[in-house]
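First to last, the protein sequences are chains X and H.
For the first sequence, position 333 matches number 1562 in my numbering, and the numbering has no gaps at all.
For the second sequence, position 152 matches number 1381 in my numbering, and the numbering has no gaps at all.
Calculated directly from the structure, the hints in this document are not laboratory data.
Every clue listed holds true.
Since copy identity is lost for identical chains, a pair holds within one copy or between any two.
The calculated DSSO-like cross-link candidates involving lysine-lysine, where the alpha carbons are at most 27 Å apart (straight line), are: (1) 1745 x 1690; (2) 1688 x 1746; (3) 1874 x 1889; (4) 1745 x 1687.
For clarity, every value in this text was computed on a predicted model and none was experimentally measured.
Number of protein chains: 2
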Amino acid sequence: MKNLWEISTTEFAGGKESLMRRGNVYQLANGYMGYRGTLDEFGPDESVGITLAGIFDRVGSAWREPVNAPNGGFTRVSLDGTDLSVLSGKVAQHRQTLSFSPAVFERETVFSLRAKTLTIRSSRFLSADTPNLGVIEFSVYCDKAANVTIRTGIDCNIWDLNGPHLLQLAAEKQGEVLLVQGLTSENSKRVLVAEVIDLNFGVEAHESKDDRTLRVISWRAEAGKIYTFHKYFAVVTDNDLVGKPIQSAAVKMVLRAKALGYAVCLKKHRAEWAKKWERCDVEIEGDDEAQLALRYSIFQLLMVAPVAGSANSIPARALSGQVYKGAIFWDTEMFMFPFFLHTYPEKAVELMRYRIKTLDGARRKAQTEGPGYRGAFYAWESQETGDDACTYFNIGDPFTGRDLRTHFRDKQVHISGDVAIALWEYFKLTGDDSLLLEGGAEVILECARFYYSYAYFKKEKGRYEILDVIGPDEYHECVNNNAFTSMVAKETFVIANAAVEHLRKKHPAALRALVKKIGISRELADFREAARLLYVPAPDPKTGVIEQFDGYLKLREATVEELKAKMVHPNEYLGAGQGLAVPTKVIKQADVVMMLNLFKTRYSAKIKQANWKYYEPRTEHGSSLSACAYALVAAEFGDLEFAYKYFLKTAKIDLEAKYKVYVGTVFMGGSHPAANGGAWMTAVLGFGGVQADEKRVVINPRLCAKWKTFQFNLAYKGDGFRIKITENSVTITSPTTNVRRHKILVAGSKTVCAPGASVTVKYRPTKH
Amino acid sequence: MKNLWEISTTEFAGGKESLMRRGNVYQLANGYMGYRGTLDEFGPDESVGITLAGIFDRVGSAWREPVNAPNGGFTRVSLDGTDLSVLSGKVAQHRQTLSFSPAVFERETVFSLRAKTLTIRSSRFLSADTPNLGVIEFSVYCDKAANVTIRTGIDCNIWDLNGPHLLQLAAEKQGEVLLVQGLTSENSKRVLVAEVIDLNFGVEAHESKDDRTLRVISWRAEAGKIYTFHKYFAVVTDNDLVGKPIQSAAVKMVLRAKALGYAVCLKKHRAEWAKKWERCDVEIEGDDEAQLALRYSIFQLLMVAPVAGSANSIPARALSGQVYKGAIFWDTEMFMFPFFLHTYPEKAVELMRYRIKTLDGARRKAQTEGPGYRGAFYAWESQETGDDACTYFNIGDPFTGRDLRTHFRDKQVHISGDVAIALWEYFKLTGDDSLLLEGGAEVILECARFYYSYAYFKKEKGRYEILDVIGPDEYHECVNNNAFTSMVAKETFVIANAAVEHLRKKHPAALRALVKKIGISRELADFREAARLLYVPAPDPKTGVIEQFDGYLKLREATVEELKAKMVHPNEYLGAGQGLAVPTKVIKQADVVMMLNLFKTRYSAKIKQANWKYYEPRTEHGSSLSACAYALVAAEFGDLEFAYKYFLKTAKIDLEAKYKVYVGTVFMGGSHPAANGGAWMTAVLGFGGVQADEKRVVINPRLCAKWKTFQFNLAYKGDGFRIKITENSVTITSPTTNVRRHKILVAGSKTVCAPGASVTVKYRPTKH
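So here's chain X without its partners, still in its complex pose (with noise of 0.2 Å):
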């Protein structure tokens, strides 16, 4: 039987673009950074990557991005005087696996060389307890007496795409600690790597060359002994210990390290993990291909997901490496957040945390962008100031090789919006309030705020409306009134009142000081007054389609094939004023899609359709969010072929990496969290049908035919439950340490769960 909890392979070659695929296939991540699925040999070449979260650094005027730390786990080993590599050709056997539970990447590489044959086995995870850290055991065995020498240390070689971040590498040796540290070309933060081993065999020298600082360790290696020494490595930086010595902590963190030793390290690291994924899981009976997929996916959001306490979120394209800026966008909200709000809340706060963190930054980019907006309005890309890392020249032109002017950074306003939803939506869910508390509740005024100060009132139709903006399908930029961002808008000004209403109640106080703060006691009417009128285009009576934007259904007809065939550069771009797509009904992604899904209460399924079958002939599915959206309302109106065919597609992105890797001369290659994200609401808000919100939960279960069983947890206000689908059941098992009975709707009968209890209620499949 296949193992559903680690994938691998015997590959080791294929050139620079395999390898930097297979990087991000077998990458580790422990929230504070991550470690590209490289082998130990490896430098800056073969895309070797330890990116950091939450530092960020710009050099001259090339794009700002995530800081990659020095390679503290670069270990080479060599044979007789020959160097080792997989991709020196002395190969006889490779295998590397990464195993989900815990987070540990292994290799084993037989290299055969003038008759002896040299077996070097390694085995690294980034501790989940310790997030600075990581650990390695590294053995050599070889079937003969030989001349071996192990080099390992840290590697200063760096792989950037806007490098080099780290000025003045110095590196120096405290005692038996390895230590590099640089600064960020624009800030000047430390970044710091420790780094140090345990070796019961050999003769260490050391050896600074070619910018690495390295431990030579030569030995008579005997014949069929196997030689293993631990080595442990940690990245601080002037985040961590804000004007401390970060060096006397890095330097305690893997001496202790070292103290504990490479099994307890491992032990601990399993524990944190066993947690996960204990909350965590999804289980499928009868589809391995699914059930791999998708654990794969929820493995990568779990790696990703941000330390407790940070205040980071998680990028666009996590921590694979620098790729789009190292940037949170609407990803995070749209598609990770409801992952983590329904089966891992402390990690969904982190989130939120971040927005809270980085509101003076849309401050001001409100500020700066145009005429008179107020309020927050969101960094379309965001790092860790919350000032937009977007470009309003964002895109290569293939015809002129300038670069197009493209309005995701000035039009795209959802995505304040997309912010004060995903705050709102975890204190529907989890009942908590401390988050508005603690900034939640600016956020979301100042959000209503930005949009009261963006929206114009049309008198003769006694309506708000939001003109001028790029809704989530971006070949079509500056329109009027798209669905999507009027909702999302609108939505906004609900929750506000909302908001403040709840406030008013449970804080009063909290509510007065707030409201005195950002002094908006005034716009409090006006908030109540959009929230009524703003206008969000309705469905056709007759057909019951919802124009994307005002004129969209004036533009021509066109297929994706078409306009493909069209194209006269393979890198040419379908959007931005003059592209391709721009006159014609072809959309790049989900837009009302989107919308119903994110708003999927307030919506008939036959509008659904109607929508899903207008839109999706004509979506090019160009972004990696377009493919769950589609799915998640095709599974609620009961298209399941389609449904599971783009939920697979969804959840096996990061798995098969066949995604593009370049956009023009930009390279775009990395992980896809966000599909990550929709596999798994695909999963359990598309066929298991789950569907909550402050009252109760409901389940509608819509099981694709093969899935025998189908079974996931769920966190709801502060409690659990453990769901149980099978082709005509579900069973929901409260745990005894739930705290309260809970109402859950499954399948349209009330049931209540109370604390300790399981309760089984069988359901009607629907007819496919």
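Once you've looked at the hints, dock chain H against the given chain X.
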């Protein structure tokens, strides 16, 4: 002394483009049709064109354009069996002349062939008395006896840009008259050419060959004898005599002309032209260059002024061909109309009747163009129905070979206000409200209605805003609060309110009928509010600069030269959303400065100067409309040197014909009546300092140093004046035919001019 009433040249060859340019410079027109300044023997390869006013046609999906008629003026001579043409290289001497009074084109060419010289002399005019008629005197003289053949008749080889427009072309002979008739491709409108000659030598045979229907006159010419015949051709279309027998009308017309004879036809033509010049000439003593250029400009305008009762207007390239779709732009109201209004109001009426005639087209455009637009949205490129000939993709992209999406058609909304302003100016300066009653008021109210439906209200700021437009500077599309557009829209509301007030007082029944007809009673209060609350960007209190649109001042600084240096294709367009000018402050043409000129009484000289100095260095002057706007404002604040330079540049555009004739692959060559009008405005309104409104005429002379005297006429409230300006005096002469006494403010002195009186006012010239 140079004759300042004609132009002439001895050039005759120079390739296709030179022929085309010369054809523009030497063209004739009489409002009904234009006849390009080509030679008798030329055909379509030499850009012969008889372009008709007000009749348009479309072939397939090509641009809709005016119809060119078959050439009834064709004549070719052969000497001893050899066909003669200036292009065949036997030319000993050539001269062609265009006389302004009357409008007559003459050519004299001496051909030298096998030791004989043959001289052709021809003289032609398009009758100013009988608009359908063309008349030619043609003479041949040979120094030695020779066999001469003349082929004369109708050439159906038509130069078309997007033709062929005339289908089923059929020739016949009816008595002595040659006839050709064709049907337009789109609407099957008949276009008919009749031709007759008087001949007193040779033998006439007939020939139909190569799409020509010709008379062949062969004879033995005696040495030294001049042989002369006259040719009368008429063009008649279904537009002239709807559903009537146009053939007999055409036959009658040419036979009547023949019966009158050449001399009488010319006399009537001359008499008409004498009246035109009597009213419209401007005399400049001391500056022949300016005199000739300005007179030529006025001549162009007089030639293309619409025929009385036609309700036609003047296309942007007049009647010089089919260029620019023969369409009427804002050019007419903003740049040509003032000339007619101030000197020849009957023609100004005709221009306005054209807008009244096309009101339904403007209504259709409003209904189809946007969601909820109402009222009249005039066509950016208007033809006979008022439907918009402007395409959404109006400029070719040399990089991709595709057409670029431009928003000229859908966002250049100032056009409606330009029309309303012209209508109201007519009423103000003539005191004649008949135009308001015959549809003008309806146009004004429908334009106001359009702007009301276009405007949004910004509650926080308590103001209406006009969003998402293109101002005169077409490089910056889809901008908000463009000063020019907003001011024009606001003025439209002011005018609508004033028009309603006027009708209420003077024609209450007409007002009631109109309000009922268009159901506008409830909206009149909205118009009053909008006139008060519509936002127009104001001068910055410190710098005096008016921001061209929201965000303009934040754009990147650049010079025109800098942009040109960055061009990678000579025909690349600088606008259309991705052009080089878009992210910069470089503008195509006067925009804020155009507004300051249009609303000149509302801004101080200081504000004008501040904006002029700010915007002029950032202006490409990529339109022939730009230089005169800058010249006019420069004259106002006293930079006469600059004003003069740009005046001359404007006045000489068509005379020198050095303009660009291709934009991308699109042929754009033709005359520039807007610049002609701009030249007149700069002279009379700029240097003459004339400014008239409903209360009085103001004259603040700012004469160029070299102009000793400057004389022109002004029409005002049904009366007229002759104005003579010297360096320190203004003499105003009221003819005895004037009906009223008029107040005129000359350089600050109140003057009253009674009929028959002449008043001289001294003034102190401002120092420059």
